[in-house]
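Student: Chains as they are written, first to last, in our numbering: chain S, 1 to 208; chain E, 1 to 68.
Read the hints as simulated data drawn from the structure, not as lab findings. Don't take each hint at face value.
[As the list claims (entries may be wrong)] Lysine-lysine pairs mimicking DSSO-like chemistry, simulated, CA-CA at most 27 Å apart: (1) S:Lys150 / S:Lys203; (2) S:Lys20 / S:Lys167; (3) S:Lys167 / S:Lys203; (4) S:Lys148 / S:Lys20; (5) S:Lys62 / S:Lys150; (6) S:Lys20 / S:Lys203; (7) S:Lys167 / E:Lys8; (8) S:Lys20 / E:Lys8; (9) S:Lys62 / S:Lys148; (10) S:Lys148 / E:Lys65; (11) S:Lys174 / S:Lys148; (12) E:Lys65 / S:Lys62; (13) S:Lys150 / S:Lys20; (14) S:Lys203 / S:Lys148; (15) E:Lys8 / S:Lys174; (16) S:Lys150 / E:Lys8.
[Stated by the list, open to error] Sample of chain S residues with no beta-carbon within 12 Å of chain E, all distances over it, derived: (17) Ala19; (18) Gly46; (19) Asp143; (20) Asp197; (21) Ala207.
For glycine and all other residues, C-beta sits at the position ideal for the given N, C-alpha and C.
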Amino acid sequence: MKSGQHARTFLLGRRMSLAKLIQQFSGVAELPVEIPEIRDAVVNLGFQDDIIFHPEPIDPAKLRGIFYQYTLRDPPPYGDQRLCTLIVYSGVLSVDWQRVVCGKELVHVMDARVAHTRTADETNNLLIKLLGPFSTEDFGLADFVAAKDKLALYQILPVLFPEAARKAAASSEKTVEEIATWACLPLPLTRLVMTDDWPAIEKEICAI
Amino acid sequence: MTVRGLEKLHSLLNAEGRELVNIKFIPGTDRGLTPEQLAEAAHAALSAALAGHLVDNPPMSGRAKSSI
């Protein structure tokens, strides 16, 4: 297989995994979906050895969460290499936002290699792009990676608020505030999921 | 961005046998936040986490599942 074909197959595999994850939760009508349930599903898709969630008293005005994926070599004599993920989140945030932050970071376990941020230059460019204006003439890989980073927050919503639960909520007489409490999700994101446009948005964001 | 903030962060990401594969962030809500401040905050948070014994503590709703 040519390298281009291999890369396309690899990317397709990653996309399909997000779709599989969403599909796995789509029939869930009882909420809240808890973060460890999503972690177990991601691990069962075969991506990761260890995923640890760690709260720190981080000022959420500065930082809400970090996804840090690394390899670690076990000590001799065996010296096996493990793939680990450490998700550090702000324990100062409300629980509903903590859940969104951790869910969003879990999406990155499924990042295609082209979306990885690995070197000092790539990290620097990601930080600049994340805080820079959306409009840019500086197109390139860094811009794509930053866009993917922002998109992940929306990609986890169909898992935290699955299709069956959304349908049940839409046909109920509950207010959006009551639905947000039920789902244990922030009100602005609950409002988004409950709009008539959401099924089309979900289809689009999960195809990327 | 000054080199120092990023250098500190990148050194930490590749220390003690760890080798960075992928890193992502959710920046804070401060509209005036700079890349340097974000790098510093990330360094401080990861340093604190890695300095102690890592305990897996995912956020939990604390509520029983229910239908609407």
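Student: Which of the stated hints cannot be reconciled with the structure, identified by number in ascending sequence?
Tutor: Checked against the structure, the hints that fail are numbers 7, 8, 10, 11, 12 and 15, while the rest are satisfied.
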